[in-house]
Amino acid sequence: MAINEYLKVNTVQDVVQLISDSSKTSQIISGGVGIALQRKDGFLNCDQLIDISRIEELKTVAKVNINGRSYLQLGAALSLYQAACNEFVKSDFPLLEKVLLECCDPARRNAYTLGGRLATKIPVGMLLPTLCALDATVVVIDHGNMKKVSVLNWLISEEFEEPFLITAILIPIGQKIAYSLLDVKRRNYPGEIVVGVLVTSNDTQSSQADNIKIFGSVDKYGVVNLVNVADYLNGKSLSSKLILQAEELTNQQLRSIWGDDEDALYRKRVLSTLISRCLNQMYL
Amino acid sequence: MRIQFQLNGKTVEPEIRPDQTLLSLLRDTLGMIGVKEGCSIGECGTCSVLVNDELRKSCIMLAAQVNGCKVVTIEGIALEDGSPNDLQQAFIDHGSIQCGFCTPGMVIASEALLIHNPSPTRDQIRDAIAGNLCRCTGYQQIIGAIEETAKHRQAVVEEK
Numbered sequence: 001m002a003i004n005e006y007l008k009v010n011t012v013q014d015v016v017q018l019i020s021d022s023s024k025t026s027q028i029i030s031g032g033v034g035i036a037l038q039r040k041d042g043f044l045n046c047d048q049l050i051d052i053s054r055i056e057e058l059k060t061v062a063k064v065n066i067n068g069r070s071y072l073q074l075g076a077a078l079s080l081y082q083a084a085c086n087e088f089v090k091s092d093f094p095l096l097e098k099v100l101l102e103c104c105d106p107a108r109r110n111a112y113t114l115g116g117r118l119a120t121k122i123p124v125g126m127l128l129p130t131l132c133a134l135d136a137t138v139v140v141i142d143h144g145n146m147k148k149v150s151v152l153n154w155l156i157s158e159e160f161e162e163p164f165l166i167t168a169i170l171i172p173i174g175q176k177i178a179y180s181l182l183d184v185k186r187r188n189y190p191g192e193i194v195v196g197v198l199v200t201s202n203d204t205q206s207s208q209a210d211n212i213k214i215f216g217s218v219d220k221y222g223v224v225n226l227v228n229v230a231d232y233l234n235g236k237s238l239s240s241k242l243i244l245q246a247e248e249l250t251n252q253q254l255r256s257i258w259g260d261d262e263d264a265l266y267r268k269r270v271l272s273t274l275i276s277r278c279l280n281q282m283y284l
Numbered sequence: 001m002r003i004q005f006q007l008n009g010k011t012v013e014p015e016i017r018p019d020q021t022l023l024s025l026l027r028d029t030l031g032m033i034g035v036k037e038g039c040s041i042g043e044c045g046t047c048s049v050l051v052n053d054e055l056r057k058s059c060i061m062l063a064a065q066v067n068g069c070k071v072v073t074i075e076g077i078a079l080e081d082g083s084p085n086d087l088q089q090a091f092i093d094h095g096s097i098q099c100g101f102c103t104p105g106m107v108i109a110s111e112a113l114l115i116h117n118p119s120p121t122r123d124q125i126r127d128a129i130a131g132n133l134c135r136c137t138g139y140q141q142i143i144g145a146i147e148e149t150a151k152h153r154q155a156v157v158e159e160k
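Taken in sequence, the protein lines are chains A and B.
Under the working numbering, the first residue of the first sequence carries the number 1, and numbering increases by one thereafter.
Under the working numbering, the first residue of the second sequence carries the number 1, and numbering increases by one thereafter.
Keep in mind the hints are simulated off the structure, nothing from the lab.
Capping the alpha-carbon separation at 25 angstroms, the derived lysine to any residue pairs in SDA-like fashion look like this:
| id | chain 1 | residue 1 | chain 2 | residue 2 |
| --- | --- | --- | --- | --- |
| 1 | A | 98 | B | 53 |
| 2 | B | 151 | B | 92 |
| 3 | A | 90 | B | 118 |
One-sided and incomplete, this derived list gives chain A residues near chain B with beta-carbon spacing under 10 angstroms:
| id | residue |
| --- | --- |
| 4 | 40 |
| 5 | 79 |
| 6 | 101 |
| 7 | 104 |
Where a beta carbon is used, it is the ideal one built from N, C-alpha and C, also for glycine.
Could you build the full structure based on these sequences and the hints that come with them?
Here you go:
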């Protein structure tokens, strides 16, 4: 089906009105990457494209207070580079700044938007694990209703059907996080991460695991939340022996997700080794 | 639909399809064949252009998105008489060009870097061309050419 219209809109209300028109099928476009790839693969199939890239309220960064808690609100139409350059992000979330700048090459940092990465759920560097570790929330308008969903739940949720509109990401302010981030980059594609691991915990000086979170990101397989391993480690004083046990637990959890074929064994080995190294870096 | 934008300093008003990529518009409609089509999925960087001084890959951008923007392709980089600019000349002098297919994208990515960071480190140069693949040179000559151009341009600024 040929696309009949390309509509550039100026307000969120206009978008909501357009996507609620059931007589036409719509796709939202911001950075344009997803649409261009769908077009190439022959999957682009709608009546109209709705360009939200020049809606100012979707490009704002602000500190907001919701139910007595402070959040950094990042507009969904911000490019990854614009988000990385923001002063609030630099001062309050150095991990996020680092990940935004390292997650892909400069041209794609300029093209990818925060909303676009969350809408497609396609991993880009360690961005999605980082948003999960920071307890970020997605603000989405679906069938005219505004909903807030944690990024972690968003990634596994299938309840939202397109077209929906992601308007912002909320990240709680005031977290003091220690982290370790390790990855394996694709050899022929500089900058592209094949496997990455992010371990975060509350920033304490002791060797005791405090609110530890462990996330992996594997190329086509997406984000893995190693919650069992984190639960096992939390509250314990980390030693070499405990880290070895964590490696075994990681393998067990990954076996239940990926199975035991040769490819899965390789992925498990890489991921569990990276996790051990991260834990070693942070605690030993 | 009709759009209007600045292409290499001149205003153009092409008729486009709503789902046409910028790459297709530049090459097929406007004859900017220095913009190469490689992977078409944003991996190789041969189709790189500047949009409002930002580096973009034209294969993963729709033509409609550049309405009202300033677009620069490799054709807009050279000097007015058509001779290579200092960066292009440095690519030639350093042997940074072998088959030449990646070169337009490399030059555009390098220009984007030098616009925003006039004196980059070697690591910053590597990062700036991370989205541009070269299967011939091994990158070292390209990095050398960019480094030399940066130093040359800095020297010119300091002289003034």
